[in-house]
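Could you slot chain W onto chain V? The hints should help.
Protein chains in written order, with this note's numbering: chain V, 1134 to 1460; chain W, 1134 to 1460.
Simulated from the structure, these hints should not be mistaken for laboratory data. Incorrect hints may appear among the rest.
As the list makes no split between identical chains, a pair holds if one copy fits it or if it spans any two.
Claimed, not checked - Below, computed lysine-lysine pairings styled on PhoX-like, alpha-carbon distance capped at 25 Å:
#1 Lys1351 / Lys1434
#2 Lys1406 / Lys1275
#3 Lys1174 / Lys1230
#4 Lys1192 / Lys1243
#5 Lys1457 / Lys1243
#6 Lys1434 / Lys1275
#7 Lys1171 / Lys1217
#8 Lys1406 / Lys1393
#9 Lys1457 / Lys1275
#10 Lys1393 / Lys1174
#11 Lys1319 / Lys1275
Note that the structure is predicted; figures quoted are calculated from it, not measured.
Number of protein chains: 2
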Amino acid sequence: MIRIGIVGYGNLGKGLECAIAQNADLALFGVFTRRNPKDLKIITEGAGVYSVDDILKYKEEIDVLVLCGGSATDLPTQTPLYAKDFTVVDSFDTHAKIPAHFAAVDAAAKESGNIALISCGWDPGMFSINRLYAGAILPDGKDYTFWGRGVSQGHSDAIRRIEGVLDAKQYTVPVEAALEGARSGKNPELGTRDKHTRECFVVAAEGADKAKIEETIKTMPHYFDEYNTTVNFISAEELKREHSGIPHGGFVIRCGKTGKNGENSNIIEYSLKLDSNPEFTSSVLAACARAAYRMKSEGMKGCKTLFDVPPAYLSPLSAEELRKNLL
Amino acid sequence: MIRIGIVGYGNLGKGLECAIAQNADLALFGVFTRRNPKDLKIITEGAGVYSVDDILKYKEEIDVLVLCGGSATDLPTQTPLYAKDFTVVDSFDTHAKIPAHFAAVDAAAKESGNIALISCGWDPGMFSINRLYAGAILPDGKDYTFWGRGVSQGHSDAIRRIEGVLDAKQYTVPVEAALEGARSGKNPELGTRDKHTRECFVVAAEGADKAKIEETIKTMPHYFDEYNTTVNFISAEELKREHSGIPHGGFVIRCGKTGKNGENSNIIEYSLKLDSNPEFTSSVLAACARAAYRMKSEGMKGCKTLFDVPPAYLSPLSAEELRKNLL
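Next comes chain V alone, as it looks inside the complex (with noise of 0.2 Å):
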């Protein structure tokens, strides 16, 4: 059995405790939390709850840390810091920061000898895989990467903070004709309005001026000016109601030429239908930790990431078994 340790107990702390349960070679020896351990009810029978400033003293029973934080302060600091005593990882998902938390992370885990294996999920994760797998495969293509339909933390966050908003969910939806376009062989260009459109989900305050939030929403910087985006007011039951889940997903598409004279279109495409993001992305967590855990058993060290890891360290079952069933 692999002992699994989790560090923070949020949506992905507890996608990954149920994941541990469904993985009969993995076992939850417990969570570690920031807040009072008393105050934290855990599904697991026979692990525990600790405090995470108590972490060391249970580093020889645990055999891969996982670290459920978030990317924007959380890991950053994290990662390094538990690589020092622990395979650990993470599912770090700043793209533009990945460089340099690999470095940090690899500086670590290579002093102390320990497997880091970051940015676990499905983008960066499994997505990334796709990317990398259909570029080497179609070298004369192009590649989309499209998300949604589905919810996006970040941008109901940037909602809920306008003024006179007391809720609000923000859905990111590919557009169909770009769907198709990717999927055509014809490799158009595709603009950033040309690929997403940005539904929202919005609950005022009595008295609120909603022309106002709309137009504050549409012309928000980064966020959403570069989109089209709807805005709808709904009431908190209905919000609660219809828009509880964290549903998500995409799809990778690369098309490319092959033959003499690249006569010839193939297109490649992979896609995520998913009901719950963060159980997803703690599913792909729990099949890296048994990755990480065989590649620190071989003597690998160093920060490493999916694209470092053979298939076959994912599955549980035997080279003969995969080789036989799978192959």
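The following block gives chain W in isolation, referenced to the frame of chain V:
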């Protein structure tokens, strides 16, 4: 530059020659043939055509030998044979015989200290990888593989062997309702007849008994009797005009449950839509040649499959470029 030797110059070998030309770090050393080398014209300037009997003379000039023969009779002998002297890559695709092929190739490659990367293509190959990833991430689920719409060479050949048939093409076609079922999250049981239909386009000899041909096709054991099959008699001209391509493709779909009580469904779908089946397969072979070269350079030995290859090894980009641009 990684210097590639090609053994066999059918559709696959020709496709590989084109694929090599698309990759700046790959160079074609030459093509090895059982035919008279003088009878064979290749595209690549500066590359040679040699008798396969002379292949050992060029051992030092070839980094990776890619075997482009068939799985029925060529590869079972060729891959173990050439693994004695070369880093080799093949596209062995008889699923049921993979364990035996692996064992034979592994013994040869381990003895010589070479790397042999087998069963590289799309199924086995990219589809296999996707079955593995999806199953590792979503253990509580079920996966479905669909093939087509595309030409099955084996089924076309089987029709051609019927008395009174001059030529034929057979398309394997996924059933739309079955695809929708696989994507529904309900994980239906789908039998052979539910998943695919078979469409046949047949050129009959003048005066041939078409009713009998149709009956012979539809009741042919293993090939057609378990499927709903349609038979269309057309002219040789129409067959040439409308059915001379070798398109193929398919879908790997897995739906898996997550959450405390499996209350959320998540669907992973990978699909290919290929104008040219052999050119796509050979594009995978080209990327695999790069990976095999790297594995050999790192001192690995023995028989491997794509399950054992870290994705990064398939790409010409550096680890830094991959993390910065694709992660």
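For each hint given before, does the structure comply? Return the numbers of the non-compliant ones in rising order. 1, 3, 6, 7
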